[in-house]
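Protein chains in written order, with the numbering used here: chain A, 2 to 143; chain B, 2 to 143; chain C, 2 to 143.
The set of hints was computed from the structure by calculation and includes no laboratory data.
Heads up, a few of these hints could be off.
The list treats identical chains as interchangeable, and a pair is accepted whether it falls inside one copy or across any two copies.
The calculated lysine-lysine pairs, modelled on DSSO-like cross-linking and capped at a C-alpha distance of 27 Å, are [claimed, not checked]:
| # | residue 1 | residue 2 |
| --- | --- | --- |
| 1 | Lys131 | Lys10 |
| 2 | Lys49 | Lys131 |
| 3 | Lys69 | Lys131 |
| 4 | Lys131 | Lys6 |
| 5 | Lys69 | Lys6 |
| 6 | Lys69 | Lys10 |
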Amino acid sequence: MIVNKYTVKNTYLGRFDYGADLHLSIEQFIISNNIKMGTIQLIGAVQKANLGYYNPQTTQYESIAIDKQLEIASGIGNISMRDGQPMAHVHLTVSDNTGRCYAGHLLEGNIIFVSEFIITELDGPIMERKADSSTGVTLWSD
Amino acid sequence: MIVNKYTVKNTYLGRFDYGADLHLSIEQFIISNNIKMGTIQLIGAVQKANLGYYNPQTTQYESIAIDKQLEIASGIGNISMRDGQPMAHVHLTVSDNTGRCYAGHLLEGNIIFVSEFIITELDGPIMERKADSSTGVTLWSD
Amino acid sequence: MIVNKYTVKNTYLGRFDYGADLHLSIEQFIISNNIKMGTIQLIGAVQKANLGYYNPQTTQYESIAIDKQLEIASGIGNISMRDGQPMAHVHLTVSDNTGRCYAGHLLEGNIIFVSEFIITELDGPIMERKADSSTGVTLWSD
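Here chain A stands alone, though its shape is the one from the complex (with noise of 0.2 Å):
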């Protein structure tokens, strides 16, 4: 396994921009804040959902779009290094007005109705995303 110990270093509480991309608000932030190790979770609703499923056999993230009203049951997640930049490594589980529940990896196209998160910065050592052979995917290596 591979893990670091951290410190708590700020804690931002807010929401992002009503019509805007999930992904792409989550990512402008913590590039411009500089939040290179940290943690994430947030709840609200978006117009329409985008998740990604890993399909360990294509080596490929499938789409599942869902055009209609949701709310964010939850989102979690990690914030770490990818060449050399801020990234924010999210899943989101969305509802509708059944209660019937779809999740995924967070890609781009989930347009906000409300979000309200927390994401809070880490100090210590720098994990970097590299690519992993026995997943496909990029993961933190020693």
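Please arrange chains B and C on chain A, whose structure you already have, making use of the hints.
Chains B and C alone, transformed into the frame defined by chain A:
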């Protein structure tokens, strides 16, 4: 976007009472401990659930009632002020005996079987919820 | 209700090994690091899942096995003591290639594809799980 910087003041770990209403239990706790800003996370089970879906056309929450024992897969949310009083905004995901999930906004009517929570009290600028014209919900504003 | 106040001691960010059992990986980590009280949060993917639904009639966990590659939409939980040893109580939400979600109590039998975790170690009163007569599960008590 709206964002403020916080430091962690107190972390509370505990569980609410069997048979109590989950939403009211949270509200009672944050009001009696005067937790003005914070975050909340919970797991457990409910004897029955009542979840809200916000309909942007009618600008009303629609209630999704599920009258059976369910696991609380996740409860995620934040604490801020509304009308001069601490107020929790929580989204809940629950699941039945087939694993099937339902999610939505935490309304009254979720009866606790077990509810283990982590509440983090934050120190920093107080955010107050106010009616927002573009969404119809109460949001933090500048 | 039962509640205690804590301060954050250590924050661990990392990932468990490909192919390992998720529940055992968490237990091994918290036992070997002697993390007595804390919280845990995780995302990633599993090669197959095994989730528990607590049936209050039989007072047994029923197992829900899903034998396919799934995203881990969220893993949420806490760490406390049982029988003199650190023990993690985690609820997992997973999703398939259509976005469909399944959730429940983290049992053994969830085989890791990728598992990125945040574990927060808390400093404060030790809570010990004991059999609870009103629910049949092991809970924190006074």
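Here is how each hint holds up against the structure:
Proximity of Lys131 to Lys10 under the C-alpha cut-off of 27 Å is restricted to the intra-copy arrangement: shortest distance 25 Å within a copy versus 29 Å between copies. Taking identical chains as interchangeable, the C-alpha atoms of Lys49 and Lys131 lie at most 27 Å apart only when they sit on different chains, with a minimum of 25 Å there against 31 Å within one chain. Within a single copy, Lys69 and Lys131 get their C-alpha atoms only as close as 35 Å, which misses the 27 Å cut-off; across copies the closest is 26 Å, which meets it. For the homomeric pair Lys131 and Lys6, the shortest alpha-carbon distance inside one copy (20 Å) is at most 27 Å, but the shortest distance between copies (31 Å) is not.
Taking the shortest alpha-carbon separations for Lys69 and Lys6, neither the intra-copy value of 41 Å nor the inter-copy value of 33 Å comes in at or below 27 Å. Proximity of Lys69 and Lys10 under a CA criterion of 27 Å is satisfied in neither setting, with 37 Å inside one chain copy and 39 Å between copies.
The structure is inconsistent with the numbered hints 5 and 6, although it conforms to all the rest.
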